[in-house]
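Each chain, written out:
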Amino acid sequence: MDPGNEILRVEQLKKYFRTPRGMLHAVDDVSFSIDEGKTLGVVGESGCGKTTLGRAILRLHEPTSGAVMFNGENILNYSAGKMKAMRKDMQIIFQDPFASLNPNMTVSQAIAEPLLIQGLYRRGSQEINRRIHQMMDMVGLASRLINTYPHELDGGRRQRIGIARALVLNPKFIVCDEPVSALDISIQAQILNLMQDLQQQLKLTYLFITHNLSVVKHLSDDIIVMYLGQLVEKAPARRLFQNPLHPYTRALLSAIPVPDPDYRMERILLEGELTSPISPKPGCRFARRCVCAVPACFEENIRLKEVEPGHFVSCHLA
Amino acid sequence: MRGDTVTTETKTLKTAAALCEDGSGRTLWQEMRRRFKKNRMAVVALCVLSLLLLISVSTLIVDVATEKAFYKTYIVGQDMPNKLKAPSLESVRDLFGRDEFGRSIFFRVLWGARYSLFIGISTVGVAVLAGGILGALAGYYGGRLDNVIMRVMDVLLAIPYTLFAIAIVAALGTSIVNLLIAMTIPRIPSMARVVRAAVMTVKDREFIEAGRAAGASDLRIIAKYILPNAASSIIVQATLSVAQCILGIAALSYLSLGVKPPLPEWGAMLTSAKSFFRDAWHITVFPGLAITVSVLSLNIFGDGLRDALDPKQKR
Amino acid sequence: MGTLLEIKDLVIHFEMDDGVVHALNGVDLTIHEGETLGLVGETGAGKTTLAKGIMGLTPRPPGKIKSGEILYEDRNLLTLNDQEIREIRGRHISMIFQDPMTSLNPVMTVGDQIAEVIETHDRISKQDARRKAEEMMEMVGISCERYPEYAHQFSGGMKQRIVIAIALACNPKLLIADEPTTALDVTIQAQVLEMMSRLKSTRNTAMLLITHDLGIVAQNCDHVAILYAGKVIEYGTVRQVFKQHLHPYTKGLLGSIPSLIEDVERLTSIEGLMPDPVNLPQGCAFSPRCAHAMERCFCEAPPLYLMEDGHSVRCFLCEHSSKEA
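Protein chains in written order, with the numbering used here: chain V, 1 to 318; chain F, 1 to 315; chain Y, 1 to 325.
The hints are simulated quantities; they were obtained by calculation from the structure and are not laboratory data. Heads up, some of the hints might be wrong.
[Claimed, not checked] Covered by chain V, per the in silico footprint, the following chain Y stretches (three or more residues, Cβ under 8 angstroms):
| hint | region |
| --- | --- |
| 1 | 237-247 |
| 2 | 262-270 |
[Unchecked claim] Here are the simulated lysine-lysine pairs, DSSO-like style, with alpha carbons at most 27 angstroms apart:
| hint | chain 1 | residue 1 | chain 2 | residue 2 |
| --- | --- | --- | --- | --- |
| 3 | V | K203 | V | K281 |
| 4 | F | K203 | V | K14 |
| 5 | F | K224 | V | K82 |
| 6 | Y | K251 | F | K38 |
| 7 | V | K84 | F | K85 |
| 8 | F | K38 | V | K82 |
| 9 | V | K88 | F | K203 |
| 10 | V | K88 | F | K224 |
| 11 | F | K203 | V | K84 |
Just so it is clear, CB atoms sit at the ideal spot from N, CA and C, and this is done for glycine as well.
Let's have the full structure, built from the sequences with the hints guiding it.
Pasting the structure below:
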C-alpha cells in the first residue's frame, strides 16, 4: 500500500434532525480523511453523533450539508442509480447482531442478498453458491450452517454473517458501527482478530465506530474523538493515548478501568452528563463540564488546530 | 490468499460448532407450528375449520356433478307434508329436522357453509390486500402520506359498519357483490392500522438499513424485508376478521339485506325460522349453532396463532 | 474479616420444555464482611442466576434449587419462608440491577420511592423517612430539591444513583450489584463507581459486584471469582487472579481484552463458544475450548484445588501444586 493514498475525505459534514424541541445537531461540521487500507477510529459516548456520522457517510441518513469525497468524487451529488452502483464499494457492519439480520432469511440468503440486489449473479446459479461458500469460509462459518436461520445461532456467529454480508460485494471501505459491543469478551477477541485478518488480506479501509477505547486503540491508525456532534480531537492512535490534549479526551481516557490491579491512574471525574445537542449555543460544547474552562470557552466557537503533525484539537487552551 | 490464522480459526470453530449446534435449519414457521401444536384448543379449532372447508368444497362438487339436481330437490325444493318435522336419526335428511317448507335443515346447514366461508374469506382477502398496501405505504414512508392515509381510515372507522353496510345495500340493492362491498370497506381501516403498526416496528431495525446499504429499492425492502416480518400479526388479524365477517353476513342476512331467503345461508335461515321458533326449536338452533361453532373456532384458532407467533414466548 | 455470606455447593437448574438448563452446577463462594467480591463470567455463565438465588428471587417454576445452602449469619437462606426472606431482603441484603430505566417506578416520585423502602423496613414515621431519604439523595450526589421529581426527569447515571440510594437506604450488610454500570457511558460509569466505593467504605458494606468488565474488577474489588458454565473455576485476590492466574480460561479472558497500556498486535482469543447449558460437555466444561486439555479433562470434572495462599483453581493442571498434593 502506498502511504497517503486517500480513499475517503469528509468535508464539513453536517446532519441535523428536526425535533419538536428544536434542531438537533447530530453531526456538526466534521471533516477528516482516511487513507486506503487504514483504520480510522471514531470514539465518543452515546449521543455524540458517531453512529449518525457513519450513516451519513453512506447516505443512509441524507446529510444536511457538506461533502463526502470517495476516490475524489463527491458521492452526495450522485444520482440514485450511480449511488446504487457505488454501494458495492462502501458497506457497513452493524452493532447488534440480533437486529441486523432478517429473521426470515437463512445464512445463505442473507449473504446472497447484496449480490442479488446489485444484480451481479443469478439466483441459485453455481457461481453464487460458490461465492457464498467462499464468504462463509472466509469469515469462519462452518458450511453446514448454510441453511440455518439467525435465531438459531449465537451472537458471534451472527456477527460473522453480518461481516460476510458486508464483504460479499468486495467493498473497499467499510463502516464498522460498534461491531463487537454486543459480544462477550472471548467472542469479541475472535471477531476483532477476524476483522484484522480480513483487512490485511483484502486491503480494506475501516471507519471503526465505538465507545470502547481499548478496542479502538487496538485497531486504529488514527482516532477522532467526538463530543455532542463535534470533532474535538484527532490524532494518530498512539499519540492520542500518550498525549491527549483536549480536556474531554483526557477525562475519557482516565475513566477507563484498566484490567490491572497495579495500574493506578489519576481519575479526572467529570461533573454532570452529556446533554443532547439541540439548538446548541455558541462556544465550546464541553465547556459546562470542563474543569479548565475559561470565559472565552463559553463565547467563541473554536476551530480545529494542528498542535503537532497530524494531531488536531479544538480547544482554546491547547 | 487467506492468512493461516483465519484457516486455523475456521477449523477450530468448525469443531466447536459441531459440539453444540444441531444446525437443524428450522424456520420460524416450523417453530411456530411446533408451538401451535401444543395448544390443544387451537388444534381442535383448526380441525373444525378444516371440516368446514371440506364441507364447502364437497357440496360444491356435488352440485357440479349432479348439475344442481340434488340442490334443487333437497336444498331449495319444498316438501310441505314434512314441514317442521322434528329431528330424528331415521335418515340423514331428518338429522336436524325439517324447516317450515319441509326442507332438510341438515343439508341446508351443510350447503350454507360455503356462503359464510366464501364471503368471509374473499372479503378479508380484499381487505388485507387494500389495507395492507395502504398500511405499508403509511408506515414505511410516514410523514404527510401517513397522515393523509390514516385520517381517511379514521373517517371510515367512525362510521358504524352495520349502518354502512345497510346504506350500501339499500343504495345499490341486495346482491352478493354488493354484500361483498359492504363487508369489505369497513374492514380496510383496521387492517391498515395493523399493517402500519407492524411495518413501523420492523422498519427501524438494522437489517433494513443493511438492505439499503446494499442498494435495495424501497419496493424490495417492503416486499422482502418488511412484509414477511409483519406477516404474523397480519395473519392473526385476518383470521379474527373472518370470524367477524361471518357474523356480519349472518346479521345482514337476518335483516334481509344479505343473502336472499331461498339460498341456504345461515343468517337467512334464522330470519325465516324466527316466526316458527315456538313450535319447532330445531329450525333456529342448528343454523345458530353452525354460526357459533364456526365463529368460535376462528376466534380460538386466531388466538392460538397469536400465541404461537408471539416472539416473547420463544425461550 | 468475618465471613458474611457463604454459599455451599449451590445447584440451580431450570426445567424448560425442551431440556434442563444447568445454570449453576455446584458453586462454592464466601463473601467476607466489608469486602468487594468481583464475579466475572460471560453470557450464560450463571452470574445473574447466582445473584437472584441469593436474594431468593429464583423464578420457580421453571427454576429448581437442586442442592446446596446459602448461609448468611449462620441462617440458611434457602430454608426461610417468604416472610423471613423479605426481612432479609433490603435490610440485610439488597440488590442493584443492570438497567436503571426499568428498576424505578415511573409514576412515583424518586424521593418517595427511597422513603418507602425506609418506612417499610425501619418502621419510622413519614417525616423521619422523608428526612432520611433526603439524606440518602445528598449522599449519592443528587440535590434533595429533586425529591419530588419523577424517574423520567433524570438521566441514566442519575437514575442509577437513585437505584443505589434505594438499595443502601436500610444500611444493608451486603449489596449485590448486577452489572450496575453496563448501561452507562464510561465517564458516567467512573462517577458511579467512585461513589459506590466511597459509600461502601464509609458504611462498611460488603459487595458482590457482578460484571463482565475485567477492568472494573481490577480497579474495584478485593477478591475475584471467575464463573464458567455454572461453576467457579478460579478464585483468589485480585492480584492472584490478574497476575498469577492459573486457569487457562482466565488466561484466555485476560488475553482477549485489548490493552490500553501496552501495544499488542494480535489478541490471544479463546477459540470456540460458551457451552450450551442444556447439554454441557462431559468432564471439564472448558475442555473443548482449552489448549491444554488432556484426555482426562474430557471425561472427569476437576475439583476446586486450593493453593497455599488461598488461591483456588478448578483445573487438573494445578493438581500437583495444590495444598493437598
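Q: Take the C-alpha atoms of K38 (chain F) and K82 (chain V), compute the straight-line distance between them, and say whether it is at most 27 angstroms.
A: violated, 52 angstroms
Q.
Please verify whether K203 (chain F) and K84 (chain V) have alpha carbons no more than 27 angstroms apart.
A. holds, 20 angstroms
Q.
Tell me if the straight-line CA distance from K203 (chain F) to K14 (chain V) falls inside 27 angstroms.
A. Holds. K203 (chain F) to K14 (chain V) sits at ~24 angstroms (cutoff 27 angstroms).
(Q) Against the 27 angstroms threshold, does the CA-CA distance of K224 (chain F) and K82 (chain V) hold or violate the hint? (A) holds, 23 angstroms
Q: Quickly compare the C-alpha distance for K84 (chain V) and K85 (chain F) to 27 angstroms and report which way the hint goes.
A: violated, 75 angstroms
Q | Three-residue Cβ test at 8 angstroms for the coverage of the region 262-270 of chain Y by chain V | A | holds (count 7)
Q. Holds or violated: are the alpha carbons of K203 (chain V) and K281 (chain V) at most 27 angstroms from each other?
A. violated, 42 angstroms
Q. Under a C-beta cut-off of less than 8 angstroms, do 3 or more residues of the region 237-247 of chain Y approach chain V closely enough to confirm the stated coverage?
A. holds (count 4)
Q: Take a quick look at whether K88 (chain V) and K203 (chain F) sit within 27 angstroms of each other, Cα to Cα.
A: holds, 23 angstroms
Q) Between K88 (chain V) and K224 (chain F), does the CA-CA distance stay at or below 27 angstroms? A) Holds, because 20 angstroms separates the two Cα atoms, which is no more than 27 angstroms.
Q.
Holds or violated: K251 (chain Y) and K38 (chain F), Cα atoms, limit 27 angstroms.
A. violated, 46 angstroms
Of the hints listed earlier, those the structure fails to meet are numbers 3, 6, 7, 8, in rising order.
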